[in-house]
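Just so you know, the sequences run in chain order E and C.
Note that the first sequence covers residues 35 to 142 in this note's numbering.
Note that the second sequence covers residues 827 to 1408 in this note's numbering.
Worth flagging that the hints you see were computed from the coordinates, not collected in a lab.
The structure displayed is predicted, hence computed values, not measured ones.
Hints may contain errors.
Here are the simulated DMTMM-like cross-link-like pairs (lysine to aspartate or glutamate), alpha carbons at most 25 Å apart as the crow flies [to be verified]:
1. E/Lys48 to E/Asp68
2. E/Lys129 to C/Asp1176
3. C/Lys975 to E/Asp142
4. C/Lys975 to E/Glu140
5. C/Lys865 to C/Glu933
6. C/Lys1011 to E/Glu52
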Amino acid sequence: MPPRIDATKCDGCKAQDEPLCVQICPGDLFVLADNGVAYCRELRDCWDCMSCTKICPVAAIETRVPYQLGYHLAKLVPMMGTNTITWTCIDINGKVERFRYKNRIEPD
Amino acid sequence: MAEKKPTDINEVTTEIIDADLLIIGGGNAGCFVAIEARKQAPGLKIVIMEKAHINRSGACSSGMDAINTYIPPDKTPEDLVRWCRAQVGGGPIREDLALSNSEELNEAVDDLERWGLPILRDEDGNVKYRGDWDISIHGEQLKPIMAEKAIETGADVYNRVVGTTLLMDGETCVGAMGFGIRNGKFYVFRAKATVVSTGGACGLYKSYTSDSTNSHHQTWMCPYNVGTGYAMGLRQGAEFTSMEQRWVATRSKDFCGPIDTISVGYKAPIINGKGERVMDNYEHLGGDKAPRYIRANAPMEEWLAGRGPTYCDTTHLSPDEVKALKTDYLNERPSFVLFLASLGQDITKDPIEIYGSDPYINGGHTQSGFWVDIDRMTTVRGMFAAGETAGGHPNKFVGGCAVEGKISARAAIKYMTNLSLSELDQDQVDREKERVFAPLLRGGDFDGVRAIEMEERMQRLMDEYAGGTSQFYRTNEERLDYALKHLNILRDQVKFLKAEDLHDLMLVHEVIDRIEVAEVVVHHLKFRKETRWQGWQTRTDYPDIDPELDCFVETRRNLESGEIETFTRPYEQLVSGDRYSS
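Whenever a hint applies, use it, and build me the whole structure from the sequences.
Below, the structure written as structure tokens:
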């Protein structure tokens, strides 16, 4: 399930040595283009772990279902909070679901 | 940081790094190796080679929704070994390894909770069991939590460094070599002891969704775990065990996501196209609690018999249960919730469709991997294995892999007492450097082969001839011979592989590693002339169990002849009781 990058939102994580998606992708699939925007070098190699989508500081990355597997257009958007994560899911019929839960507890 | 592409081998910088303990692969097991090593030996120099970024690498990168084994107060480590043994049809399993991993299991899981992992508990504070042994977690942050603790040890983590081979001093492993995907450097890591924790091998077989879609990697297992650790050991003659026991599981159709979440966690029965409960046909083998390979194979038998599609029946779930179920998925494979949304599916009206996965080699779920001693040292001196690379103990899962990391760390520290670093063998370094970078230096006019072309050739070969999904996991002697013949051609053809850049060079070495591991798998499948674990290992020419083969099938490469040698080792029952029940 390949990532899709909104070029109008992506600023290439200017303050970082490498954009966060480039740093984190377990498949080494992100590249920073000369125009300062990140792109996925090989859509078919994505495992849809969503690490890029979770870490992007400007929510410029969306994980998409390839049409060969699922219909147009569903969305799943994570928002990382302090020790919580909130997900918004919209299915192809426009039905919205929200999920919010603790993904960390304070360490001992 | 831009990738630098060299045009000549002399432009490649070699960096030599010395360590006491080298860990190849900073995943679940590898992080625990570092953490335990630091606890045992505060002054130790620890180095981690990591192909990706340690915060989100390996099998746990997308998260986890359960710890599949945690011993409840009324059960013992021996009970867990009994369950583990029954789940693989009575074994043979390595009960010595299983028992030692079980004895420290709860402590390792408690570590994770102390570090910040949410484990779900009831009102009285007791952990919530979703089955007999597995507990529910909110593990979206599982890998970052492990990684933070590993980094806190002060270990030097080399992210984006691809391991390619072991560094040897005669027959002893004294470190490893590899290359940097970002900086194009060649790395030589010298170490007194080395733990290989690179995970299992995905992508030896074709995934049924991989044709012409943007889903070549629509696999249950992390597709970036390609079996590199196995390949590194293989080249030094390390012994393998049980590589024919492939991990095949019932997964969600077209997505290939985890299904125990639903079938175990929400008691959703497997049904066929007629709405009949499939596991009722397997009552004599335990029904819904039948061994894992029976449950994995059952839906595929329905398809083959013309009774597909097959489903996990979720139509009885309440709205709260649906919400909890989706929350579980968001912790482990969040994109499955997206996939359901892309079908516009209400799972209380339409049940979740299921199908068999592509086969994986994975010492964390099944028991394929290196033959190790009780210290987790492989048959190559100085090289230890932990987690999915270590064979013999199936159903290890997250907790068992963590314990194995700890055990191997303690053993490695004991092993290195009074050892000093070996002299560097410059010829060995030069030869490997040349081998590693050759595909990048063949020149623009070289008429060669891309990694993906060779990978797809190999995956289709394994799928059709060595018992992949398209063949309902079945194979026979003639098909395996065909597979071997062509794997040999592929092994010879790797000299035509060509890389455009450093990322591509990683893909080239991944396919080389996969081809070598695939050959080992085929030798194992050939030797087991019986059908012991239908689905995991099905021989149409030998459909029954042969009591003579109630033993481990082993292989190693003979370093003089280059041939793979196959032999057996006996099974030893250490934990009392009937092997087939728990």
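Going straight from one Cα to the other, do lysine 48 of chain E and aspartate 68 of chain E come out at no more than 25 Å? Status holds; Cα separation ~13 Å.
Please work out if lysine 129 of chain E and aspartate 1176 of chain C have their alpha carbons no farther apart than 25 Å. holds (16 Å)
Distance restraint between lysine 865 of chain C and glutamate 933 of chain C, which requires alpha-carbon spacing of 25 Å or less: holds (15 Å)
Is the Cα-Cα distance between lysine 975 of chain C and aspartate 142 of chain E 25 Å or less? holds (13 Å)
Are lysine 975 of chain C and glutamate 140 of chain E close enough, with their CA atoms no more than 25 Å apart? holds (14 Å)
Is it true that the CA of lysine 1011 of chain C sits at most 25 Å from the CA of glutamate 52 of chain E? holds (18 Å)
Taken one by one, the earlier hints all hold for this structure without exception.
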